[in-house]
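Chain residues, written in single-letter form:
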Amino acid sequence: MTVSLLAYGAGNIASVRFAFERLGAAVELVSTPDAIAAVERLVLPGVGAAGYAMARLRELGLVEAIRAFPRPLLGVCLGQQLLFETSVEDGGAELLGLIPGRVEAIVPAADRTVPHMGWSRLARRVDHPLLAGVEDGAWAYFVHGFVCPDGPATLAAADYGGPVPAVVADGHRMGCQFHPERSAAAGQRILQNFLELPA
Amino acid sequence: MTARRIIPCLDVKDGRVVKGVRFEGHRDMGDAAELAARYRDSGADELVFYDIAASPEGRTLDYGWVEDIARLLDIPFCVAGGIRTVEQAARCLDHGADKVSINSPALERPELIAGMAERLGRQCVVVGVDSQFQDGEWRVHKYTGDPNARRGAGRLTMDWIVEAQGLGAGEIVLNCIDQDGVRKGYDVAQLRAARDRLTIPLVASGGAGAVEHFTTVFREADVSGALAASVFHSGTIAIPDLKRALDANGVEVRL
Numbered sequence: 001m002t003v004s005l006l007a008y009g010a011g012n013i014a015s016v017r018f019a020f021e022r023l024g025a026a027v028e029l030v031s032t033p034d035a036i037a038a039v040e041r042l043v044l045p046g047v048g049a050a051g052y053a054m055a056r057l058r059e060l061g062l063v064e065a066i067r068a069f070p071r072p073l074l075g076v077c078l079g080q081q082l083l084f085e086t087s088v089e090d091g092g093a094e095l096l097g098l099i100p101g102r103v104e105a106i107v108p109a110a111d112r113t114v115p116h117m118g119w120s121r122l123a124r125r126v127d128h129p130l131l132a133g134v135e136d137g138a139w140a141y142f143v144h145g146f147v148c149p150d151g152p153a154t155l156a157a158a159d160y161g162g163p164v165p166a167v168v169a170d171g172h173r174m175g176c177q178f179h180p181e182r183s184a185a186a187g188q189r190i191l192q193n194f195l196e197l198p199a
Numbered sequence: 200m201t202a203r204r205i206i207p208c209l210d211v212k213d214g215r216v217v218k219g220v221r222f223e224g225h226r227d228m229g230d231a232a233e234l235a236a237r238y239r240d241s242g243a244d245e246l247v248f249y250d251i252a253a254s255p256e257g258r259t260l261d262y263g264w265v266e267d268i269a270r271l272l273d274i275p276f277c278v279a280g281g282i283r284t285v286e287q288a289a290r291c292l293d294h295g296a297d298k299v300s301i302n303s304p305a306l307e308r309p310e311l312i313a314g315m316a317e318r319l320g321r322q323c324v325v326v327g328v329d330s331q332f333q334d335g336e337w338r339v340h341k342y343t344g345d346p347n348a349r350r351g352a353g354r355l356t357m358d359w360i361v362e363a364q365g366l367g368a369g370e371i372v373l374n375c376i377d378q379d380g381v382r383k384g385y386d387v388a389q390l391r392a393a394r395d396r397l398t399i400p401l402v403a404s405g406g407a408g409a410v411e412h413f414t415t416v417f418r419e420a421d422v423s424g425a426l427a428a429s430v431f432h433s434g435t436i437a438i439p440d441l442k443r444a445l446d447a448n449g450v451e452v453r454l
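Read top to bottom, the protein sequences are chains A and B. Take 1 as the starting number for the first sequence in my numbering and just add one per residue. Take 200 as the starting number for the second sequence in my numbering and just add one per residue.
Some hints could be false.
[What the hints assert, rightly or not] Just the calculated beta-carbon pair ranges, DEER-fashion:
(1) B:Lys383 to A:Asp170: 42 to 48 angstroms
(2) A:Glu196 to B:Glu310: 33 to 39 angstroms
(3) B:Ala444 to A:Gly151: 20 to 26 angstroms
(4) B:Glu310 to A:Glu104: 25 to 31 angstroms
(5) B:Arg308 to A:Asp90: 22 to 28 angstroms
(6) B:Ala388 to A:Glu28: 28 to 34 angstroms
(7) B:Arg215 to A:Asp90: 41 to 47 angstroms
[Said to hold, decoys possible] Partial list, computed: chain B residues near chain A (C-beta under 10 angstroms):
(8) Thr201
(9) Gly242
(10) Asp244
(11) Arg270
(12) Asp293
(13) Phe332
(14) Gln333
(15) Glu370
(16) Gly384
(17) Val387
(18) Ala388
(19) Thr435
(20) Val450
(21) Val452
(22) Arg453
For the record, the hints were derived by calculation from the structure and aren't laboratory data. We put the CB at the ideal spot given by N, CA and C, even for glycine.
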């Protein structure tokens with residue numbers, strides 16, 4: 001099994017790479033439109049700010065290649081947020097626009113620190129091959145200050161003062177808001193499922 | 200909501216885990232990678248690795264063991280020790296760390312916090328604070344890894360944590376030095392005061408000696424996580440037992 005990670009200077013490449021390697025997958029890094037077009041399955045990692053990540057994707061000329069990619073695509077953490085249309089982060093950022101909706105800020109409250117940092121339970125909404133073998137209520141490790149819009153794409157959600165879309169899918173485009181590479185058994189299973197999706 | 204995190208802290212010196220009483224008189228506790236794997240399997244929610252000699256010796260930590268640990272772990276981990284530039288922090292992340300904790304360099308150059316947050320995202324910026332009660336106030340100390348280099352930082356703890364949050368810290372680890380290594384319990388009053396001033400997660404550090412200390416700090420200081428070292432390394436508290444006890448006392452943990 002081979003999986004390709006997009007290296008664009010705004011991603012947690014190493015930890016995602018090691019997680020796939022623990023599953024026995026061969027991992028390659030890609031960073032050009034031509035390389036993206038050729039791969040079997042693509043992971044879009046991301047940490048940091050949405051505006052910066054999108055600027056990097058534009059500088060490298062990768063936006064159209066990601067939009068046109070026809071096989072399994074998995075956005076991780078910020079990578080999931082990038083799949084949506086816009087984000088309020090950085091004063092408003094235009095995203096990839098592959099799933100409808102706007103990414104909003106999490107508002108701090110007495111019982112809610114921001115960032116949402118730590119282990120939360122996944123409540124399953126619908127069955128999906130990406131969630132095969134992941135039990136309802138499984139724990140996953142989250143670190144984020146912005147939250148994706150809840151909608152038909154939500155496969156599983158965490159609760160953090162409101163629903164946090166934790167796993168999303170719209171056709172072959174999928175995302176994990178949490179860090180599957182740092183989410184013990186449940187995360188490992190999701191990455192394994194992604195590797196086994198028909199390309 | 201999130202589970203309360205149990206965070207073993209591995210103080211690393213020359214690749215070995217060490218632990219002392221009030222940071223003095225270090226004792227060898229075992230190999231860092233070996234202990235990391237043991238904690239991963241016992242249900243630790245996160246690990247912290249401090250290269251305790253790096254900052255006083257004026258060097259940064261060794262990226263080699265960061266990568267060794269990143270390959271091994273499927274839970275998050277934070278690294279600390281002598282990280283004084285955004286570039287060094289970025290290299291820690293490039294080698295697989297999830298978070299980078301800064302302490303003395305942030306006191307000398309607070310803009311380091313802002314620089315890291317801007318470039319790497321605030322979620323990975325942890326500010327460690329060593330605090331001691333003196334002359335009626337909680338005060339920040341620096342270079343606590345080395346008894347000879349250690350000195351007061353000329354700041355009040357409660358002011359500094361709020362400033363760090365404003366600059367872009369994503370989490371504060373508040374190490375209460377009066378409690379460190381003596382196992383009499385966390386400094387609940389200080390942690391509660393800190394919690395009330397912050398909107399970012401707060402992790403308690405220093406003083407864990409018994410299961411009840413964890414229950415108390417989560418209930419009374421409302422911290423997101425509790426960090427401890429010697430009680431875990433020595434086997435005094437087994438993490439599965441601790442988590443079951445917390446769960447039985449109504450503290451939500453990942454079981």
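Verification of the supplied hints:
1. B:Lys383 to A:Asp170: 42 to 48 angstroms: 54 angstroms, violated
2. A:Glu196 to B:Glu310: 33 to 39 angstroms: 47 angstroms, violated
3. B:Ala444 to A:Gly151: 20 to 26 angstroms: 40 angstroms, violated
4. B:Glu310 to A:Glu104: 25 to 31 angstroms: 29 angstroms, holds
5. B:Arg308 to A:Asp90: 22 to 28 angstroms: Once the Cβ atoms are compared, 25 angstroms apart, the range 22 to 28 angstroms for Asp90 (chain A) and Arg308 (chain B) holds.
6. B:Ala388 to A:Glu28: 28 to 34 angstroms: 53 angstroms, violated
7. B:Arg215 to A:Asp90: 41 to 47 angstroms: 43 angstroms, holds
8. Thr201: With a closest approach of 3 angstroms, the Thr201 (chain B) hint holds.
9. Gly242: This hint holds: Gly242 (chain B) lies near chain A, its Cβ roughly 9 angstroms from the closest one there, short of 10 angstroms.
10. Asp244: Interface hint status for Asp244 (chain B): holds (6 angstroms vs cutoff 10 angstroms).
11. Arg270: Holds: closest Cβ of chain A sits about 5 angstroms from Arg270 (chain B), inside 10 angstroms.
12. Asp293: 6 angstroms, holds
13. Phe332: 25 angstroms, violated
14. Gln333: 29 angstroms, violated
15. Glu370: This interface hint holds because 6 angstroms falls under the 10 angstroms limit.
16. Gly384: 23 angstroms, violated
17. Val387: Hint violated; Val387 (chain B) Cβ to chain A Cβ min 18 angstroms, cut 10 angstroms.
18. Ala388: 19 angstroms, violated
19. Thr435: 24 angstroms, violated
20. Val450: 13 angstroms, violated
21. Val452: Val452 (chain B) check passes; min Cβ-Cβ to chain A is 9 angstroms, inside 10 angstroms.
22. Arg453: Constraint on Arg453 (chain B) satisfied, holds at 5 angstroms.
Violated hints, in rising order: 1, 2, 3, 6, 13, 14, 16, 17, 18, 19 and 20; the structure is consistent with all others.
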